[in-house]
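Participant: Turn these sequences into a full structure, and let the hints steer you where they fit.
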Amino acid sequence: MPGIYIMAVVTIVITALLCVTTLNHLTQSDHRYYWLLLAGLPLSLIVNRFIKIPAITALAAWTGLPLRIGLDVPLWFIIAVWLNAPVFEEAIKVLPMAIPASRVFLQDTSHALWAGLALGLGFGLGEAAYLAYGIAQSPAYTQIPWHMFTGFASERLIVTFAHGLMTSIAVAGFHSGRRKAFSGYLTAVGLHALINLGPILLALKLVPAAVSGPASYVAILAAFIIFQKQERNAKNASGMVPKEIIYFER
Amino acid sequence: MTSKKIFKPRASTGWVWVGAVGLVLLGTGLNLIVTSGFSGPFLLTILLTVPIGIGFLLVAAFFPAMRYEIEGTHLTLTYGPLLRYVIDIPKITSIRRRDLRINLLSSFRFPGLALFSAPYLEIGSVRMCATAASTGILLIETGSTKYGLTPADEEQFVAELRERMKG
Numbered sequence: 001m002p003g004i005y006i007m008a009v010v011t012i013v014i015t016a017l018l019c020v021t022t023l024n025h026l027t028q029s030d031h032r033y034y035w036l037l038l039a040g041l042p043l044s045l046i047v048n049r050f051i052k053i054p055a056i057t058a059l060a061a062w063t064g065l066p067l068r069i070g071l072d073v074p075l076w077f078i079i080a081v082w083l084n085a086p087v088f089e090e091a092i093k094v095l096p097m098a099i100p101a102s103r104v105f106l107q108d109t110s111h112a113l114w115a116g117l118a119l120g121l122g123f124g125l126g127e128a129a130y131l132a133y134g135i136a137q138s139p140a141y142t143q144i145p146w147h148m149f150t151g152f153a154s155e156r157l158i159v160t161f162a163h164g165l166m167t168s169i170a171v172a173g174f175h176s177g178r179r180k181a182f183s184g185y186l187t188a189v190g191l192h193a194l195i196n197l198g199p200i201l202l203a204l205k206l207v208p209a210a211v212s213g214p215a216s217y218v219a220i221l222a223a224f225i226i227f228q229k230q231e232r233n234a235k236n237a238s239g240m241v242p243k244e245i246i247y248f249e250r
Numbered sequence: 001m002t003s004k005k006i007f008k009p010r011a012s013t014g015w016v017w018v019g020a021v022g023l024v025l026l027g028t029g030l031n032l033i034v035t036s037g038f039s040g041p042f043l044l045t046i047l048l049t050v051p052i053g054i055g056f057l058l059v060a061a062f063f064p065a066m067r068y069e070i071e072g073t074h075l076t077l078t079y080g081p082l083l084r085y086v087i088d089i090p091k092i093t094s095i096r097r098r099d100l101r102i103n104l105l106s107s108f109r110f111p112g113l114a115l116f117s118a119p120y121l122e123i124g125s126v127r128m129c130a131t132a133a134s135t136g137i138l139l140i141e142t143g144s145t146k147y148g149l150t151p152a153d154e155e156q157f158v159a160e161l162r163e164r165m166k167g
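Protein chains in written order, with this note's numbering: chain W, 1 to 250; chain C, 1 to 167.
Keep in mind the hints are simulated off the structure, nothing from the lab. Wrong hints could be hidden among the right ones.
[As the list claims (entries may be wrong)] Cross-link-like lysine to any residue pairs, in silico, SDA-like; alpha carbons within 25 Å at most:
| no. | chain 1 | residue 1 | chain 2 | residue 2 |
| --- | --- | --- | --- | --- |
| 1 | W | K235 | C | D99 |
| 2 | C | K166 | W | K52 |
| 3 | W | K235 | C | K166 |
| 4 | W | K235 | C | K5 |
| 5 | W | K229 | C | I102 |
| 6 | C | K146 | W | F248 |
| 7 | W | K52 | W | I135 |
| 8 | W | K235 | C | G124 |
| 9 | C | K8 | W | Y247 |
| 10 | W | K229 | C | F108 |
| 11 | W | K235 | C | G136 |
| 12 | C | K91 | W | I245 |
| 13 | W | K229 | C | T135 |
| 14 | W | K229 | C | P119 |
| 15 | C | K91 | W | R250 |
| 16 | C | K8 | W | I135 |
| 17 | W | K235 | C | S134 |
| 18 | W | K235 | C | A11 |
| 19 | C | K8 | W | R232 |
| 20 | C | K91 | W | E244 |
| 21 | C | K146 | W | R232 |
| 22 | C | K5 | W | E249 |
| 23 | C | K166 | W | I246 |
| 24 | C | K146 | W | I246 |
| 25 | C | K8 | W | T21 |
| 26 | C | K8 | W | F248 |
| 27 | W | K235 | C | K8 |
| 28 | W | K235 | C | R98 |
| 29 | W | K235 | C | K91 |
Owing to the predicted nature of the structure, the values given are computational and were not obtained by experimental measurement.
Facilitator: See below:
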């Protein structure tokens with residue numbers, strides 16, 4: 001069995017444990033959000049197999065361009081490759097909110113934020129499994145022992161939470177009407193594109209690996225700051241901030 | 001009023017976060033040792049990740065040792081051998097329960113665990129020994145310092161403190 005599968009199981013178990021802990025912490029153990037976590041699991045497979053890969057392959061075939069990026073490839077095609085994941089992934093992650101049963105989570109901003117977080121976390125967990133499967137298909141990786149994939153583990157752990165943060169921002173927009181829904185989606189796409197910018201520039205050999213990785217983490221931090229601001233605003237608006245209890249003062 | 005009373009903190013899963021981060025860091029460091037040894041280009045990464053990973057795992061291991069001890073006129077907040085804050089009870093100026101607003105500046109703070117000195121919005125630096133990072137923190141202020149706690153039996157804990165203030 002390829003070593004990546006063992007590391008993928010370890011990564012997904014640890015990350016899932018952290019996802020559930022986070023959701024319980026935020027939602028005060030409201031188990032309804034687990035259903036959204038589960039709903040997000042197959043979305044990575046669906047969007048990659050049936051939308052992203054066919055779309056970019058068809059575009060490359062239609063224009064007669066090779067399916068790769070490099071400085072010899074037209075800029076518009078590099079941009080298309082760069083935006084392929086943000087545009088389609090952010091769209092499919094919010095799709096379960098169109099189901100009538102999910103509307104209950106759109107009644108206030110806090111619930112919308114947590115619902116988006118759950119969907120994004122589920123997507124991230126499914127993506128870890130999907131990528132592990134893809135890596136296992138490459139002969140170059142089949143003989144590598146499982147403990148050599150710690151980079152995969154740490155990256156997937158962080159990216160799973162990044163997916164959660166981005167989707168929470170998008171779904172929170174859905175709570176506030178159509179115009180805000182679109183701007184929420186665009187913000188999520190923008191953050192996702194920023195996170196992916198480092199790896200794209202690295203593939204183009206325009207920045208070294210030492211720059212591309214940290215640049216992505218800065219974009220994830222920006223997503224966390226936006227999430228935190230929206231959560232604070234939502235709590236303030238809904239009166240969820242508990243009053244202070246003064247036991248003693250002199 | 002010199003008898004010793006020990007209070008446990010609220011239950012939480014904060015140790016999971018710290019343990020997971022510790023495992024990832026230690027795993028990364030050990031992997032680099034196996035793949036490139038100590039003479040490769042990742043020496044600095046190894047020297048950072050392995051000790052920090054072990055440190056995080058140690059913190060996770062001492063999670064059950066968090067407690068609040070009231071003895072005589074002193075309240076001692078301990079987290080195993082890693083943390084010990086002693087508060088002079090007569091010097092307490094306020095005890096309040098509130099949610100704290102997190103400042104993003106670095107500190108040892110995870111969902112379900114906050115230790116050491118941590119900056120918070122509105123109230124500044126707080127010495128934390130708590131099983132929550134921001135929600136339902138019992139904030140104890142002395143003249144110069146603020147402490148954040150999360151006793152499981154908060155009412156009994158506060159009643160005991162107030163009794164010692166009188167005594």
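Participant: Could you work out which earlier hints the structure fails to respect and list their numbers in ascending sequence?
Facilitator: 2, 3, 4, 16, 19, 27, 29
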